[in-house]
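*Asks:* Keeping the supplied structure of chain A fixed, place chains B and C upon it in accordance with the hints.
If you read the sequences in order, they're chains A, B and C. Sequential numbering from 74 applies to the first sequence in our numbering. Sequential numbering from 10 applies to the second sequence in our numbering. Sequential numbering from 61 applies to the third sequence in our numbering.
Just so you know, the hints here were simulated from the structure itself, not pulled from any lab data.
Lysine-lysine pairs mimicking DSSO-like chemistry, simulated, CA-CA at most 27 Å apart: (1) B/Lys-71 - A/Lys-139; (2) A/Lys-174 - B/Lys-92; (3) A/Lys-139 - A/Lys-385.
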Amino acid sequence: MYTETQIVERPAVIDPFEGDGENLVINIGPQHPATHGVLHLVVTLNGETIKKVEPHLGYIHRSIEKMCESLSYRQFIYVTSRMDYLSAHINNHACAMTVEKGMQIEVPARAQYIRVIMDELTRIASHELWWGAMAMDLGAFTPFFYAFRERETINDIMEQTCGARLTMNYMVPGGVMADLHPTFQQKVKDFITLFKSNIDEYDELVTGNIIFQSRTKGVGYLSKEDAISYGCTGPVGRGSGVSCDIRKIYPYEVYNQVQFDEMLETGGDSFSRYQVRVKELRESIKIIEQLIDNVPAGDYLAKTKAVLKLPKGEFYTRVETARGELGVYIVSEGGTTPYRIKFRSPGFSNLSALDHMVRGSKIGDLMATMGTLDLVIPDIDR
Amino acid sequence: MMTNEEIKAFISGIQPSATYDETGEWLNIHVDASQWKSLANLLRNAPFNFDYLFSLTCIDWKTHMTMVYHLSSTLHRHTIVLKAKVDRADAQIESVSDIWKTAEFHEREVYDLFGVRFSNHPDMRRLILTDDFEGYPLRKDFDDPVNMIKL
Amino acid sequence: MKAPTPEGGIMEEMKERIIEYKISPFRGWRNWDMFSLKGITNWIQGWLSANFSSAWVLFFESVIVILLATTLFALLGLVLVWMERKVAAHMQIRLGPNRVGPMGIFQTSADTLKLILKEGLTPDGADKFLFNLAPFVVMIVAMLLLAPIAFAKGFQVWDLNIGVLYVSAVSSLSVIGILMAGWASNNKYSLLGAMRSGAQIVSYELSAGLSILTIVVLTGSLQIGDIISSQQNGWWLFKGHIPVIIAFVIFIIAATAETNRAPFDLAEAESELTAGFHTEYSGMKFALFFLAEYINIFIVCAIGATLFLGGWMPLHIGNWEGFNHIMDYIPSSIWFFAKTFFMIFLIMWFRWTFPRLRVDQLLNLEWKYLLPISLFNLLLVTVIAILGWHF
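Okay, chain A solo, but in the shape it has when bound:
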């Protein structure tokens, strides 16, 4: 199966204008400060103008889908934390929901509330990191530290209840793994108070900045039709005016009991996508505020059999992660392990639109567009 890697002899002097003598081909990544991970883009330039962007994937592909085929229905959930590590809770949630759908397990109300609160906290943490990294892509370093100030608080809250800060593995089929920490509610409320006073700084520091606006407005334009056609979901789709929030369209858990708005922008450019995410921060706070005081008492975990066996059939679950629509598609043959599992990751579809969005613009625009696509590479290279 494996062939020896061949060492290709490279010419000593690189001809910068290889090919047709006019275009400059540069490799951005796999190690590059702006790709946030190991994305490899082969960019064809004419001067500073981008003629083509070709993503080369696979640098950290672990074939999670194949791996899951040999893991039981309890085990495979933990692997999915490593897909989109910034919304690990939501990935776990989607997998747990798929198994529950197949087993027809009723999740206790308390667990549903906890799950939604955790999901929204994860969303805030993810958007925080995106906000800092996005500003960094555009050359502003300071916002990164402001974003991490709040994100650390969320990680501390997670650590207290889930025992981990990033890959929490908290959602299990039937509910959540452990009950909330006694101080959880108080800490979340403290966080909300702190966050509400800090979030205005974000607008002052970045959103209102004239350089930031001129770097993002009209950059990386994606029309509504193209967004649908490319399967762009999450803030990327909503920035182009596509109503695609799974929490609204196909509500799961207790999302149909809370009041929140789907953030839609019609600009389709990087600034619209930016605004969608910043507004979503406030919406997530709104959801948490409605739930945090009303977590019902009771079990946090439904009674399930020791060995889970899904009936023969196909089960598909859609959830809204911080990056868009995550689909978990399990094909079961009735055994203890999935026969085939497919993760429809939001980043993969969003990345496919990158070439379309940046053709004809400058290298700086590529960074601004990539920043607002919010790519998490392990999510793309599953």
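*Replies:* Below, chains B and C alone, put in the same frame as chain A:
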């Protein structure tokens, strides 16, 4: 919102050999691979407006393979699942990347991991693995004694 | 304005200047400031000319200047890097270096030691001669620019009569070093960075030059000494009405761009071109680029402080004799460094709060906005100077 009956009636009109399965969450339609492209074109446009292909994947059943397309409409909010059987030895199906642009990447991924060739695809290369990689990892008979972890 | 001697070259001019120092160290200006270091320079000058012939005096003085300039270089590099890290840290709600020495002041020395010990790699296929030469070109340019800067009253290497012109001319040479580095590295990122840098420095040279010219128009002299003494009754920033304030703002923008600092750091935009023109440099060769960047910041800020804020001239207001006299008690070297470091702080402030511009926006800003504004502003200043409307 279109009902499943309407969709079934429409598809049966075009492709009488199609079979239906309504046991799952959504309507499953098994279509003939050779006529899939023309059907896809009709489904994309009015009256059904299945403009959003949210999942494209393949399942290896050891005897044959099945292409699975999850289609949804952002207008009517209805969802169907289309399945097409492809041969395992000579896996081939028409590409739909000109109808749904997201299919371009997803089809490359399926080609890479399952070895299904999509005819008329603009850029049919491996997406994730290196060009000289042999075998298709997500097929059931793929075996890699070095790197695969078995539990 | 003093015309250069017709037959004498630059060396003649320099000799003449040094002799002039001996006779009248600061052309009759008040002579009491003991912190201005003028006493020391005069004493060295006197001692050397008493013991050696004039050629040897020139030689020894040059050696002293070289030693001083090199020391100043090293010191400024260390201090400015430390300052940048502290400023950045406090803007980013953290503490910055605080482990090596009190408040981390020896952190940069430790870093320098590390950089000296590191191997300076030369990439395969690079033009080795140009690749190794480039950091030195950039450094030499930065060193040359130290010559006309008046660090304190009577403490100036060379108060040549075309000082301002010299500064604009020499500072544009650094682009050669950057282009050299980018081309010789055999790396596409470097090449793109160097090309961006070339376009950027050449463009912003224009508005920097024009904003400097406004002060030349007001002063009527290109000589740094004359420009400083013309601000005896108030700095130009306050004396010259709004046009000079506009010129000052344009100067700061252009200076930030010329030193390749954020928000104009396109030449080394790390999220786009990893490190731009110095991607392939490592060890001490990289440190030379790094040092030259900070020295250039110091120099442009010193020039800005000299032209607009009076250099070493204390804060004087018209003929408020009492106030002016109190201000005179603060040594001139402190005035100079305070003003310069204030401007350096401004530039650091920009860097840590602004995002980066795009390359076409950068050139648009210069050619569509700054250049027309500075041309018009120069016209206004000329009218003001002719009509004598300034204070």
